[in-house]
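Peer 1: Given only the sequences and the hints, what does the whole structure look like? Please build it.
As you go down the protein sequences, you meet chains A and B in turn.
Take 1 as the starting number for the first sequence in the numbering used here and just add one per residue.
Take 1 as the starting number for the second sequence in the numbering used here and just add one per residue.
Cross-link-like lysine-lysine pairs, in silico, DSBU-like; alpha carbons within 30 Å at most:
{"hint": "1", "chain 1": "A", "residue 1": "Lys30", "chain 2": "B", "residue 2": "Lys117"}
{"hint": "2", "chain 1": "B", "residue 1": "Lys20", "chain 2": "B", "residue 2": "Lys103"}
{"hint": "3", "chain 1": "A", "residue 1": "Lys5", "chain 2": "B", "residue 2": "Lys103"}
Hints were generated in silico from the structure; no laboratory data involved.
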Amino acid sequence: MQKPKHEPKPMMAARFQAEARAVLANRSVKASRFLDVAMSKGRDFEPVGRLAG
Amino acid sequence: MSKNRGNEYRYQILRSEARKAAQALAHSNENLKARGIDTTQIRFDSITPVEIEASDLWGDEATLYPWYDVHHWKQDDTRGFDLSLWFGQELCGLCYATPRKSKICIKIVILEGKPDKSHPLRGAVAALALTAIENYALMIGCTEIEVQEPAAGAIPVYESLGFAFDPTDRLVISIEQ
Numbered sequence: 001m002q003k004p005k006h007e008p009k010p011m012m013a014a015r016f017q018a019e020a021r022a023v024l025a026n027r028s029v030k031a032s033r034f035l036d037v038a039m040s041k042g043r044d045f046e047p048v049g050r051l052a053g
Numbered sequence: 001m002s003k004n005r006g007n008e009y010r011y012q013i014l015r016s017e018a019r020k021a022a023q024a025l026a027h028s029n030e031n032l033k034a035r036g037i038d039t040t041q042i043r044f045d046s047i048t049p050v051e052i053e054a055s056d057l058w059g060d061e062a063t064l065y066p067w068y069d070v071h072h073w074k075q076d077d078t079r080g081f082d083l084s085l086w087f088g089q090e091l092c093g094l095c096y097a098t099p100r101k102s103k104i105c106i107k108i109v110i111l112e113g114k115p116d117k118s119h120p121l122r123g124a125v126a127a128l129a130l131t132a133i134e135n136y137a138l139m140i141g142c143t144e145i146e147v148q149e150p151a152a153g154a155i156p157v158y159e160s161l162g163f164a165f166d167p168t169d170r171l172v173i174s175i176e177q
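Peer 2: Rendered as structure tokens:
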């Protein structure tokens, strides 16, 4: 039986970071859609304090 | 590292990358700058005892949210997403979202802005949190975000941001690449 390969933690971290960045690299201008709406409103756009939960 | 530990580590990295990307987007956002906000002061972080302690300083107007419990939730919820929003040394918002057992939907469980009318990120807390959540949701393959229990006064905010009630009365939005 083959022993499973051990992947050092830094290499694993680099692999997961690359995975995450690859997903986000394809994001369009829609990435800022929430901010763009919120900024088109005033500071009173959202209530103070609790927003969900 | 065991497969389970490796999985936990993977989600830890994905959370971190989702926050970093949202922070970078906030720093470069011209609309935030146009409002006079020094975007370099905006920081996206996790929820640790430091954030819990800072939320204690929000005072009596703060909702009695179980922010202390988030630490325990995180241990039992590998894919959960915790977020704190800072402006310099000022804590302006806290959020916890999770897909639980769903592969499709990430749910905002709790979201709270600093209960202060004059904090620098007033009006942008939900939008900033959603930017990070959407990043994370894309990474883990979810296709929609749900606000589980929206505050009554915040429903128009979510609707303005693009959320809508589905036929089963869930307040949801599709995730967009």
